[in-house]
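K.L.:
Protein chains in written order, with UniProt numbering: chain X, 1 to 425; chain V, 1 to 425.
What you were told as hints is all true, and nothing was included just to trick you.
Pairs count within a copy or across copies, as identical chains cannot be separated in the list.
For lysine-lysine, the following BS3-like pairs were computed, each having C-alpha atoms within a straight-line distance of at most 27 Å:
#, residue 1, residue 2
1, Lys2, Lys67
2, Lys148, Lys118
3, Lys118, Lys67
4, Lys67, Lys319
5, Lys148, Lys2
6, Lys230, Lys387
7, Lys2, Lys319
8, Lys118, Lys319
Keep in mind that the hints were calculated from the coordinates and are not lab data.
2 protein chains.
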Amino acid sequence: MKLALLGCGTVGSEVVRLMRMRGDDLAARVGEPIEIAGIAVRRLDRDRSHLPVDPSLFTTDALGLIKRDDVDLVVEVAGGIEPARTWIATALAEGKSVVTANKALLAEDGPALSAAAKAGGADLYYEAAAAAAIPLMRPLRESLHGDKINRVLGIVNGTTNYICSQMSRTGASFSEALAEATDLGYAEADPTADIDGFDAAAKAALIASLAFHTHVDLGEVYREGIRDLKASDIASAASEGRVVKLLCIATREEDGVSVRVHPAMIPATHPLANVDGAYNAVFVEAESAGRLMFYGAGAGGTETASAVLGDIVAVARNKRGGITAFPPEAAYSDLPVKPIGEARTRYHVSLDVVDEPGVLARVAATFAHHGVSLATVHQSGQGDEAKLVLVTHIAADQQLSDTVEELSQLTSVHQVASVMRVEGE
Amino acid sequence: MKLALLGCGTVGSEVVRLMRMRGDDLAARVGEPIEIAGIAVRRLDRDRSHLPVDPSLFTTDALGLIKRDDVDLVVEVAGGIEPARTWIATALAEGKSVVTANKALLAEDGPALSAAAKAGGADLYYEAAAAAAIPLMRPLRESLHGDKINRVLGIVNGTTNYICSQMSRTGASFSEALAEATDLGYAEADPTADIDGFDAAAKAALIASLAFHTHVDLGEVYREGIRDLKASDIASAASEGRVVKLLCIATREEDGVSVRVHPAMIPATHPLANVDGAYNAVFVEAESAGRLMFYGAGAGGTETASAVLGDIVAVARNKRGGITAFPPEAAYSDLPVKPIGEARTRYHVSLDVVDEPGVLARVAATFAHHGVSLATVHQSGQGDEAKLVLVTHIAADQQLSDTVEELSQLTSVHQVASVMRVEGE
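If we strip away everything but chain X, and leave its shape as in the complex, we get (with noise of 0.2 Å):
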């Protein structure tokens, strides 16, 4: 069995060196020995004389490589747009198996990419692409075959939740914890994909493509980021038993998906509240497994070149069997995305207010006036200091967003000085 490995960056170079270190093992699991055919990189003049593999393997021909006859498998570690997607693309046509950790693409594309798969008779593997090392592919898609999930909450980006976790422990603004976050080299120069939630977003579509056999689209995520994230949000979460996490959330409704990513109140006793620094973790509400959590190394070459190896097993195996994993007779769902508007949430709101009498009793009618009832309120302070704090009872998006938007009207109410969404309770 022979491989074409396209890219040969951090990824890509820790999969040479770990199928060099465990080719045994390796033959072993598949049935026979997996030789690398060629590695296709954009510059041969570069020093790669630290891999053990021959340097005559090296090509900057990526598509006469996946085309050569002796390929079997195509694993691509490039990242990036194009030319993955051509690369993948052709290798799909020619029926041979792809395993990609790239998750970029895969958000963009999916569809069409399993379509091709379909189309090829051949394997789409992932695992590295939706949580590096955390095994979540196998878990969602054959673990839990027999099982319909009903929710995943998923803590998937490493930054954000580094910055998440400083603020809670010191006390940290988000300025302050972000410098340090790129002093400690967590945060990238421009940090905008991490502390927006673009790459949150990315990976929330993946996961709940995975989760519930459907097709989500990048575009079909709702994403808010942690940039506005205020200290006292964090302490306010603390002082009820709560904790603040940048948040995966996609659920089974219906008639529908919802999907979205933002920071979000969990309760502390949440098997996701100590998921702490850069690790992630995927928790899942299944209807007969029940509550599962996947938790590990959401980043880093080594972690996910050994995603990438399980996927190189898998598909090996699968092409020796003569079968594919996702064969094309399979029913894929193809359910509808819901708007944010229409998603289910609780929200935690904290108000500046006028103190006088009959305050609350204005604020409570705003929510009833919208529909949402209300589980906890608290008055504190005194003075310019009055304040109050309300959490709701699960509500649509729509009706809470509306509510927040008359609160903020009223004469009443200095301030609406934050709103976070509640999960997990």
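Once you have looked at the hints, place chain V on chain X.
P.N.:
Frame of chain X; chain V shown alone:
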């Protein structure tokens, strides 16, 4: 595709119900419908009218059912050693793949059954046996196959975890917490199998076998239960930022594996520390993937049936593809299981000592004499209340127990108040 269901108790009834309810999904996943060919039960005269199956499917002739030409797969959920062993052996000898949730049988006879599966060219799947619905088999055997697992720490028994959690939360004694667990139905009338660690040891054998691709016999697992756990141990752990859990610990050593079940202190910040109540979790350290954790319900009829259904889909797909999961040519390790004395661990030792100068020196010399170095020492109390609490660095278990033996002979030591291993640091 037709299956024979052996047993129709709590889990079997759920399998029947879920196969009916989710039949279309299962058919889509496998590529063809899966039907129940027959259900072997001990007695035909029980009322099973609530189950959505044709009553003529029930039979007391399990062997006849297994051997029927139209039966492709066999699902054993009857439990116990015999006749389950004969049934499974018969099915495998006929080349029919088997899904089982039978932890006791696998722990007693796993190697022979695996060999029978290989000889018969059939699959033997048992996701539900190790930790009910928590997906372990696929992550350990498939996702991580390109990796090397170094260590597994697991909370794999809900009853003991509930008791440990309650003792920790309320300061209750072991007998009070056990009484409460019994009242709530978390502990059986005869709780021996749980609290003395037999159930956890059987799971430890399965998990270690999966993680290290070897065979670990139940008899090779070192086992201590929680019967002697004292409220003071838990308080002492808490004062140092640790919690006490009954752990199953499997480690890959240079020259073999070590598998043990005993109460241990772990840091309160360890991901396992917050696994409370009846929940289970398995924490894995792999060379490339790093730290992973799998969390969920470790028991329950529906949860177990969910795992069984996942396995049914897997073996049915393998059969359609004409492959087995663990091909006969796959090399399995046959690693020696090391005795407890050679396990590498740390100890937390609490001593009631004579309040006089030089006691610490004598105690420290005793540790040094056995080559055990100390990480931390706390002295507290005066007169009859004088105490020394010591935590060691890593050493062989035998060195540590020899040290404790000698400490108990010192005239400066009134009593070795407690000794507990420290893990996960």
